Amino acid sequence: MRIINRILSTALVVVLLAVPEFASAINYGGIGGRPANPVPGNPRTESIFIYTLKPGQQATDGVRIQNNTTKEQTVTLDAVDSEIASGGNFTCKQAVEQKHDVGSWIQLESSSVTVPANSSQVVPFTVTVPNNANISVGEHDGCVTLQAASQTATPSDKSGIVLSFRSAIRVVVTIPGKIVKKLSIHSVTVTSGRGSTYQINSKIANDGNVSLDTTVSVGLQSVLGSSAPLTKKGTSPILPRNTTALNYAVKRPFWGGLYRAHVVATYNSNPTTGLGQDQTKDSRSIVKDSAIFFAVPEPPALVIELLALAIVIGGVYWLIARRRQSRHIKRHWTSYTVKKGETLQSVAERHNVSWRKIAQVNKLKPPYQLRKGDTLKLPASKE
Amino acid sequence: MLVHRLARLGVTSSLALLLLVSALLLENPGRASATARIVQKPAMATASGATSVSLSFAAGPSAGNLLIAVCGANGIVTITAPSGFSTAKNEAVTPSQGIFYKVATGSEGTAALSCGGGASTTRWGMQLYEYSGLVAASPLDAANTLTSTGTGTTANSGSVTTTNANDLLIAGVTSATNTAPVTWTSSFTSEGSATIAGGTKMGYGGADRVVTVTSAYSTTVTVGNASWRGQIAAFKEISPVLSADIVDGSGNTVASPSASMSTASRSFQCQTVTGTLGTGTQKMRVSNYTTNPAWTLSIAATSGATADWSAGTPKYDFNDSSGSGCSDGADADSLAGQLTIDPSVASLSPSAGCSNTNVSLGASSAFNQGVTDSITIASSTSSAGYNCYWDITGTSLSQTIPAAQANGSYSINMTLTIAAN
Numbered sequence: 001m002r003i004i005n006r007i008l009s010t011a012l013v014v015v016l017l018a019v020p021e022f023a024s025a026i027n028y029g030g031i032g033g034r035p036a037n038p039v040p041g042n043p044r045t046e047s048i049f050i051y052t053l054k055p056g057q058q059a060t061d062g063v064r065i066q067n068n069t070t071k072e073q074t075v076t077l078d079a080v081d082s083e084i085a086s087g088g089n090f091t092c093k094q095a096v097e098q099k100h101d102v103g104s105w106i107q108l109e110s111s112s113v114t115v116p117a118n119s120s121q122v123v124p125f126t127v128t129v130p131n132n133a134n135i136s137v138g139e140h141d142g143c144v145t146l147q148a149a150s151q152t153a154t155p156s157d158k159s160g161i162v163l164s165f166r167s168a169i170r171v172v173v174t175i176p177g178k179i180v181k182k183l184s185i186h187s188v189t190v191t192s193g194r195g196s197t198y199q200i201n202s203k204i205a206n207d208g209n210v211s212l213d214t215t216v217s218v219g220l221q222s223v224l225g226s227s228a229p230l231t232k233k234g235t236s237p238i239l240p241r242n243t244t245a246l247n248y249a250v251k252r253p254f255w256g257g258l259y260r261a262h263v264v265a266t267y268n269s270n271p272t273t274g275l276g277q278d279q280t281k282d283s284r285s286i287v288k289d290s291a292i293f294f295a296v297p298e299p300p301a302l303v304i305e306l307l308a309l310a311i312v313i314g315g316v317y318w319l320i321a322r323r324r325q326s327r328h329i330k331r332h333w334t335s336y337t338v339k340k341g342e343t344l345q346s347v348a349e350r351h352n353v354s355w356r357k358i359a360q361v362n363k364l365k366p367p368y369q370l371r372k373g374d375t376l377k378l379p380a381s382k383e
Numbered sequence: 384m385l386v387h388r389l390a391r392l393g394v395t396s397s398l399a400l401l402l403l404v405s406a407l408l409l410e411n412p413g414r415a416s417a418t419a420r421i422v423q424k425p426a427m428a429t430a431s432g433a434t435s436v437s438l439s440f441a442a443g444p445s446a447g448n449l450l451i452a453v454c455g456a457n458g459i460v461t462i463t464a465p466s467g468f469s470t471a472k473n474e475a476v477t478p479s480q481g482i483f484y485k486v487a488t489g490s491e492g493t494a495a496l497s498c499g500g501g502a503s504t505t506r507w508g509m510q511l512y513e514y515s516g517l518v519a520a521s522p523l524d525a526a527n528t529l530t531s532t533g534t535g536t537t538a539n540s541g542s543v544t545t546t547n548a549n550d551l552l553i554a555g556v557t558s559a560t561n562t563a564p565v566t567w568t569s570s571f572t573s574e575g576s577a578t579i580a581g582g583t584k585m586g587y588g589g590a591d592r593v594v595t596v597t598s599a600y601s602t603t604v605t606v607g608n609a610s611w612r613g614q615i616a617a618f619k620e621i622s623p624v625l626s627a628d629i630v631d632g633s634g635n636t637v638a639s640p641s642a643s644m645s646t647a648s649r650s651f652q653c654q655t656v657t658g659t660l661g662t663g664t665q666k667m668r669v670s671n672y673t674t675n676p677a678w679t680l681s682i683a684a685t686s687g688a689t690a691d692w693s694a695g696t697p698k699y700d701f702n703d704s705s706g707s708g709c710s711d712g713a714d715a716d717s718l719a720g721q722l723t724i725d726p727s728v729a730s731l732s733p734s735a736g737c738s739n740t741n742v743s744l745g746a747s748s749a750f751n752q753g754v755t756d757s758i759t760i761a762s763s764t765s766s767a768g769y770n771c772y773w774d775i776t777g778t779s780l781s782q783t784i785p786a787a788q789a790n791g792s793y794s795i796n797m798t799l800t801i802a803a804n
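These protein sequences, in sequence, are chains A and B.
If you count the first sequence from 1, position 267 lands on 267 in the numbering used here, and the numbers rise without skipping.
If you count the second sequence from 1, position 181 lands on 564 in the numbering used here, and the numbers rise without skipping.
Derived from the structure by calculation, the hints contain no laboratory data.
From a predicted model like this one, the values you see are computed outputs, not experimental measurements.
Check each hint, because a few of them may be wrong.
[As the list claims (entries may be wrong)] Listed next, the stretches of chain A that the computed footprint assigns to chain B, with coverage defined by at least 3 CB atoms under 8 Å from CB atoms of chain B: (1) 85 to 97; (2) 161 to 172; (3) 345 to 359.
Ideal placement from N, C-alpha and C gives every residue a C-beta, glycine not left out.
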């Protein structure tokens, strides 16, 4: 039995030692892609493709496919149109869906490549805008998608949702002409968030014809004036002719009270400034507030506030009681001249009132000695 | 666009195209979007007539970052590495030098780190670097295998043959001269140098370079005309990839991921089955090791908006909003049924050292053909973290099944898409 215990203890120690090591192992694996030729000075082009092309023009570029797994991977590439996911976020149509826009403009040199473990490969492609007068001025979006064979669902007898996954690189093609940059905040509402947070829900509409990288700052402003500083929540693309829902968590005001959510959206309003170029110049801010709402205080604040309220109520009650008493004394107590040999105690007993009360009303101080001829205020009825 | 720029400069379009295609086909290390970045490098320390040398970081290194120490000494010294550091290369031959490394735990703080092992007359040089963007598990790729030492004005690092495409190369030189080794060749950048003058003169220097293809790499640096020792080590860089995956509890890719739905019996009433997307053994993982923190993870039917739940012949819909999915009518097919996905109730767990700040889960949405063909699971803004991954579990699924639906084992293929914004 002792031997078994020792074996079990040793095994437990080994497991305990091994688990943190296991848990701390970080998986850097993955298959993804990025533009092979980012434009110097435009950091956005390190992760998405950005072109300005007139109808009939062509751009030549390449997508670098990175295989960070430890196995050779065969990756399928597709060019597809973009679509708007719920909440107004950018995403890509499926490979089987009909292409009408940028997806049909991209010609990949290869639709499938085999990338060795822990290495990358570039697949060249061209983007050719059809020479068609009907193509609208402004931004058109599409995607180059990458999907490894290991990420593709195979026919199985499983029921439920059979999952595949892919990564996509956004392709932005701007057709030059009258570029319109116009943003508006449709609504700002506040809902309870997780933990000690409120969620500020804003709906921002892009009525222009190019996407706008929009920096949003949010905060809660007290109706009484004291407000937390606005927190910059980062930049999100608001796609053209689209309304995007942006939800941000903010800390509950500790003390609670009447608040409104304040949202500031800042974007570059210069039509000649392209995506990823310096957005700080010609920036324009639009603001909108939510309706006023009551923010429930944090539990410790609630306790403190209830205590403070109790103290205030107690204080008011005490003041009222004291005023009543004072009024009563003024009305019903009369002057009394101390006689020889009387003490505060004896006077109090005779008038059936506490000596402390007499001392308080007459502002006597210790040792409360009375002398013949001193005048005291005392209840009238007993004398 | 570049073709037209070149054309404006007087280059013919065909030549411009040729130049551009050539540029595409050639690897260009200088233009690679490297993830390895130096975070801090305190001024190099020297010590004369001492058994050790010490140096501290100005700020406590961040967990997961790679700490590199290059220590040099005159004479034959078996240099002891700073506490907790591993050895990439350590040579106890005049002059002696070692390259040591450690993945920061985050608890190092600004405590002094020391190289030691010499006699009390030893002359020391020590440099410390903190890099982000390098792998935390077994970061060392390779070091120079052949000793590189000699006498003269050009010190050579020796040659390292990398096995990993994206590597950070660290070169160090110790020479018996007080000429500071700062002018490095082969695109190496000097990261620090120091000299000791008087008596036994010494010079110490370090340099780095990020490369993107496996090859043999070396560099040289100008020193005074004296004996020198060079070393070079390669550390694996995190390749800048944004990817989505379904992983098990150990972080390994799940071969055939799926999300099962609850069982329902045939009913003459419209009914609802539920399920969970993302469980402890099938977690949706978004990994972002690029420098662009903004992304969207969405889900859609692999066969597009005209897909159906299918059990062979019997089918029902996933995106018909008519009667909340209980009746057919809102789309072109003759099937009823609607799938609602609610990521807002999911758990979002960041990797160690990362946070959920500015990463948000999508709102509950129902597929609705032509209106909502993709549903956002999560998205991030430009202020979110990167060099991180996030695991998403507990996304709620709810599917309405029309009345009198035939019994069967129904399935639908769906694709998760991770897109950089």
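Q: Of all the hints given earlier, name the ones this structure violates by number, lowest first.
A: 3
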